[in-house]
Amino acid sequence: MTATTLVPASRASGTESQHRGRRRQEWLGYLFISPAVVLFAVFIGGPFVFAIALSLFSWDLLTPAEFVGLDNFVTLFQDPVLFQAFGNTFIFAFASVVTHIVGGLLLALGVNRIASRVVSYFVRTAVFFPFIISWAAVSLLWQYLLDPTFGLVNHYLDRLGIQPPDWFLDPSWALPAIIGIDFWHTLGFTFIIMLAGLQTVPEHLTEAAKTDGANRWQIFWNVTVPMMSPTLFFATVVTFIGAFQIFDPVQIITNGGPDDATTTLVMYMYEQGFQAFQIGYASAVAIIVFVVIMLVTLLQFWTSRKWVHQQ
Amino acid sequence: MTVAVQSPKRRRRKLRTGSVILDVALAGFGVVMIAPLVWLLSTSLTDPAEAFQIPPNWVPVNATFDNFSGVNDLVPFGQMALNSLTVSVIATVGSLLVSALAAYGFSRFSFRGRNGIFIMMLSALMVPAQLLIIPVFILMRTLNLVDTLVALWLPALIHVFSIFFLRQYFNSIPRDLDDAAKIDGAGHVWILFRMIVPLSAPAISAMAILVFEASWNNYFGPLIFISTPENMTLPLGLVTLQDAQGGVAPTGVFAAITLVVLPVLLVFLLFQRQFVASIATAGIRG
Numbered sequence: 007m008t009a010t011t012l013v014p015a016s017r018a019s020g021t022e023s024q025h026r027g028r029r030r031q032e033w034l035g036y037l038f039i040s041p042a043v044v045l046f047a048v049f050i051g052g053p054f055v056f057a058i059a060l061s062l063f064s065w066d067l068l069t070p071a072e073f074v075g076l077d078n079f080v081t082l083f084q085d086p087v088l089f090q091a092f093g094n095t096f097i098f099a100f101a102s103v104v105t106h107i108v109g110g111l112l113l114a115l116g117v118n119r120i121a122s123r124v125v126s127y128f129v130r131t132a133v134f135f136p137f138i139i140s141w142a143a144v145s146l147l148w149q150y151l152l153d154p155t156f157g158l159v160n161h162y163l164d165r166l167g168i169q170p171p172d173w174f175l176d177p178s179w180a181l182p183a184i185i186g187i188d189f190w191h192t193l194g195f196t197f198i199i200m201l202a203g204l205q206t207v208p209e210h211l212t213e214a215a216k217t218d219g220a221n222r223w224q225i226f227w228n229v230t231v232p233m234m235s236p237t238l239f240f241a242t243v244v245t246f247i248g249a250f251q252i253f254d255p256v257q258i259i260t261n262g263g264p265d266d267a268t269t270t271l272v273m274y275m276y277e278q279g280f281q282a283f284q285i286g287y288a289s290a291v292a293i294i295v296f297v298v299i300m301l302v303t304l305l306q307f308w309t310s311r312k313w314v315h316q317q
Numbered sequence: 469m470t471v472a473v474q475s476p477k478r479r480r481r482k483l484r485t486g487s488v489i490l491d492v493a494l495a496g497f498g499v500v501m502i503a504p505l506v507w508l509l510s511t512s513l514t515d516p517a518e519a520f521q522i523p524p525n526w527v528p529v530n531a532t533f534d535n536f537s538g539v540n541d542l543v544p545f546g547q548m549a550l551n552s553l554t555v556s557v558i559a560t561v562g563s564l565l566v567s568a569l570a571a572y573g574f575s576r577f578s579f580r581g582r583n584g585i586f587i588m589m590l591s592a593l594m595v596p597a598q599l600l601i602i603p604v605f606i607l608m609r610t611l612n613l614v615d616t617l618v619a620l621w622l623p624a625l626i627h628v629f630s631i632f633f634l635r636q637y638f639n640s641i642p643r644d645l646d647d648a649a650k651i652d653g654a655g656h657v658w659i660l661f662r663m664i665v666p667l668s669a670p671a672i673s674a675m676a677i678l679v680f681e682a683s684w685n686n687y688f689g690p691l692i693f694i695s696t697p698e699n700m701t702l703p704l705g706l707v708t709l710q711d712a713q714g715g716v717a718p719t720g721v722f723a724a725i726t727l728v729v730l731p732v733l734l735v736f737l738l739f740q741r742q743f744v745a746s747i748a749t750a751g752i753r754g
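Those sequence lines, one after another, are chains A and B.
Here the working numbering is used: the first residue of the first sequence is 7, the next is one more, and so on.
Here the working numbering is used: the first residue of the second sequence is 469, the next is one more, and so on.
Think of the hints as simulated: they come from the structure by calculation, not from any bench.
Honestly, I wouldn't trust all of these hints.
Here are some, though not all, of the chain A residues that point toward chain B, as calculated from beta-carbon distances under 10 angstroms [what the hints assert, rightly or not]: (1) TYR36; (2) PRO41; (3) VAL43; (4) ALA57; (5) VAL144; (6) ASN160; (7) ARG165; (8) GLY167; (9) LEU181; (10) ILE185; (11) VAL207; (12) GLY219; (13) TRP223; (14) ALA292.
From chain B, some residues computed to sit far from chain A (all C-beta separations above 10 angstroms) [unchecked claim]: (15) PRO544; (16) VAL561; (17) MET589.
Listed next, with one range per pair, are the computed distances between beta-carbon atoms [as the list claims (entries may be wrong)]: (18) A/ILE58 with B/ASN530: 52 to 62 angstroms; (19) B/ILE641 with A/ILE97: 18 to 28 angstroms; (20) A/TRP227 with B/ALA503: 52 to 62 angstroms; (21) B/PRO670 with A/GLU209: 17 to 27 angstroms; (22) A/ASN118 with B/SER537: 24 to 34 angstroms; (23) A/VAL124 with B/GLY653: 49 to 59 angstroms.
Even for Gly, the Cβ is constructed at its ideal location relative to N, Cα and C.
Please take these sequences and the hints and turn them into a complete structure.
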C-alpha cells in the first residue's frame with residue numbers, strides 16, 4: 007500500500023490474524039470489481055488496443071488483413087476529404103462552443119433575474135425540452151422545418167423580407183443549418199450548467215460591488231465572469247468534446263453532402279469503415295478524433311488543477 | 469452579513485418594474501424554442517390533406533388520430549418500442565449493478581493495483597465510442613451477435629462514469645456505519661445493497677437517468693449493429709420509416725416522431741428535478 011492512497015480503508019497492520027484478514031480483504035476487493043474489470047477489458051480496454059493495431063493494417067473484413075505500418079496515416083495526410091472533414095468538424099465545434107456558451111450564459115443570467123415564477127418555469131422547461139429528445143427525432147423534424155416549400159423557418163424568414171436559401175442543398179448553408187439545429191437541441195444542457203455555475207457566485211460580492219457604485223456591466227465583467235470562470239471553462243471543454251464527435255444529424259439529414267460540405271470526422275470514419283469497409287483506414291480516422299479529444303481533456307485537467315491552487 | 473441574508477422576496481419586489489420587459493423577452497424566447505414541438509404535435513393530429521400549409525397550422529385542422537394508426541403498418545413500431553424499452557432497462561439495471569459492485573470494491577477494500585486499475589478505467593473516459601465501435605463490431609460478428617439486441621445492451625453494461633461517480637458517493641458514507649452493521653453480523657452484500665445503495669439514492673437515480681436516456685436515444689450503435697426492422701430500436705426505426713417513404717405520408721412520419729417524443733417529454737415533466745440534477749452533477753452532453 008503506498009502512502010498516496012486516497013481512501014483510508016485498511017486498519018493498521020500488525021498481528022498475524024490481522025494479516026490474514028487483510029489477505030481476505032484483498033481477495034474480496036478483487037471479487038467486487040471483477041465484473042467491471044472483465045467488461046472493461048472486453049468492451050473498452052481490448053477494443054482500444056485492437057483499434058490502434060487495426061490502424062496499422064489494410065483490411066476489408068473479407069480478405070486477410072495486411073500489415074501496412076503507418077501507410078494509413080501517410081494516406082490520411084494526403085487525403086483532401088480528410089482535410090475537408092477536419093475543417094468542417096473544427097468549424098462546427100468552434101461555432102457550437104461560441105453559440106452555446108454565449109447563449110447559455112445570457113439565458114442563465116436572464117432566467118436568474120426573472121420575477122415571475124411561472125415564466126421562469128416555462129422558459130427553463132421550454133429550453134430543456136429539446137435536449138432530451140433523440141437526435142433521430144430532432145433531425146427528422148428539422149428536415150421538415152427547414153424545407154424550402156412548406157417549412158416554417160423559410161416562411162417566417164420570407165415574411166421578414168429575407169430570401170432564405172435551400173438549406174441542405176446549398177454547400178455554403180448546409181453546415182450552418184446543422185449548427186443551428188445543434189444550438190436548438192443542446193442549448194438546454196449548457197443552460198443548466200451555467201445556471202448551476204451562477205449559483206456559485208457569492209451574492210455578497212455582487213452586493214458589495216453594487217454598494218461601491220459599480221453598474222451592471224461592470225459587475226458582470228469584474229465579478230460574475232471571473233467567479234464563473236471554472237464553469238465557463240468546463241462548459242467550453244464539454245461542449246467542444248461533444249461537438250467534435252457530431253454524427254447523427256449529419257448522417258440522417260445530409261449524409262455528408264452536398265459535396266462533402268457537412269462531412270465531419272466521425273461521418274468520414276463511418277463512410278470508410280462501414281460503407282467502404284476500409285477497416286484500417288477508418289480506425290486511423292478514429293484515432294485522430296481520439297487524439298484531439300485526449301489533448302483537450304488533458305488541457306482541462308491541467309488547467310483546472312492550476313485553478314484549484316489559485317483559489 | 470445582513471446584505472447576504474437579504475431575502476430573495478425583497479429583491480424580487482424591488483426589481484419588478486424593470487424586469488417586466490425581461491420576462492416578456494425570455495418568455496418569447498421560450499415560445500420560439502418550443503414552437504417546433506407545437507407544430508409537430510399539431511401536424512401529427514391534422515388531416516393529411518390539410519397538413520403542411522403555409523402559413524402553418526398551430527392547432528390541428530380536421531383533427532384526427534388516423535396518422536397514428538397507420539404507423540404500425542409501415543414499420544413494426546410496437547416491436548421497436550418494446551426493443552427500446554428492453555435494451556434501455558437491461559443497460560440501466562445491469563450497468564448500475566456492475567457499477568455499484570465495483571464502486572463498493574474500490575471504496576471499501578484495499579488491494580494491490582487498486583489505484584492503478586481505477587485510474588486506467590478513468591482514462592477511458594477520454595476514448596470516444598467511435599474508436600471502439602469497429603473492434604466491438606468485429607467481436608460481435610465473431611460471436612454471431614450482430615443484428616441482435618444483445619449487441620446493443622451488452623457493451624453498455626460497463627459505464628465507467630457511473631463507477632467513478634458512485635465511488636465518490638460511497639466514499640462520503642462513513643465507514644462507522646459498515647462497522648456497526650458488521651458487528652450486527654451483516655455481510656458485505658447486505659451492507660452494499662441494504663445500506664449503502666439506499667443511502668446513495670440521489671447518485672443512483674442521477675446515473676440511472678443518464679444511462680437510460682443515452683441508451684433510449686442511441687442511434688449510432690443500432691445503425692452499426694442492426695439491419696432487420698424487427699430488431700431495431702425507435703431512433704433507427706424512425707429514420708427507416710422516413711426513408712421507406714414510398715407509402716408514408718409526411719403526417720405519418722410526424723405521428724411516429726410524436727409517439728417517440730411525447731412519452732419522453734411526459735416522463736421529463738414528472739422527474740424534471742432529477743433530470744436537471746443528473747445533468748448538473750454529471751455534466752455529460754448527449
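Here is how each hint holds up against the structure:
1. TYR36: The hint holds - A/TYR36 has a Cβ within 10 angstroms of chain B, the shortest such distance being about 6 angstroms.
2. PRO41: 5 angstroms, holds
3. VAL43: Result: holds, 7 angstroms to nearest chain B Cβ.
4. ALA57: 5 angstroms, holds
5. VAL144: With Cβ-Cβ at 9 angstroms, under 10 angstroms, it holds.
6. ASN160: Hint on A/ASN160: holds, closest Cβ of chain B at ~9 angstroms, below 10 angstroms.
7. ARG165: Holds, because the Cβ-Cβ distance from A/ARG165 to chain B comes to roughly 9 angstroms (cut-off 10 angstroms).
8. GLY167: Violated. Min distance 16 angstroms.
9. LEU181: Result: violated, 20 angstroms to nearest chain B Cβ.
10. ILE185: Violated - the Cβ of A/ILE185 stays beyond 10 angstroms from chain B, reaching only about 15 angstroms at its closest.
11. VAL207: 12 angstroms, violated
12. GLY219: Constraint on A/GLY219 not satisfied, violated at 15 angstroms.
13. TRP223: 15 angstroms, violated
14. ALA292: 4 angstroms, holds
15. PRO544: It holds; B/PRO544 is separated from chain A by about 16 angstroms at its closest Cβ, greater than 10 angstroms.
16. VAL561: 13 angstroms, holds
17. MET589: 6 angstroms, violated
18. A/ILE58 with B/ASN530: 52 to 62 angstroms: 59 angstroms, holds
19. B/ILE641 with A/ILE97: 18 to 28 angstroms: 46 angstroms, violated
20. A/TRP227 with B/ALA503: 52 to 62 angstroms: Given about 33 angstroms between the Cβ atoms, the range is violated.
21. B/PRO670 with A/GLU209: 17 to 27 angstroms: 25 angstroms, holds
22. A/ASN118 with B/SER537: 24 to 34 angstroms: 46 angstroms, violated
23. A/VAL124 with B/GLY653: 49 to 59 angstroms: 54 angstroms, holds
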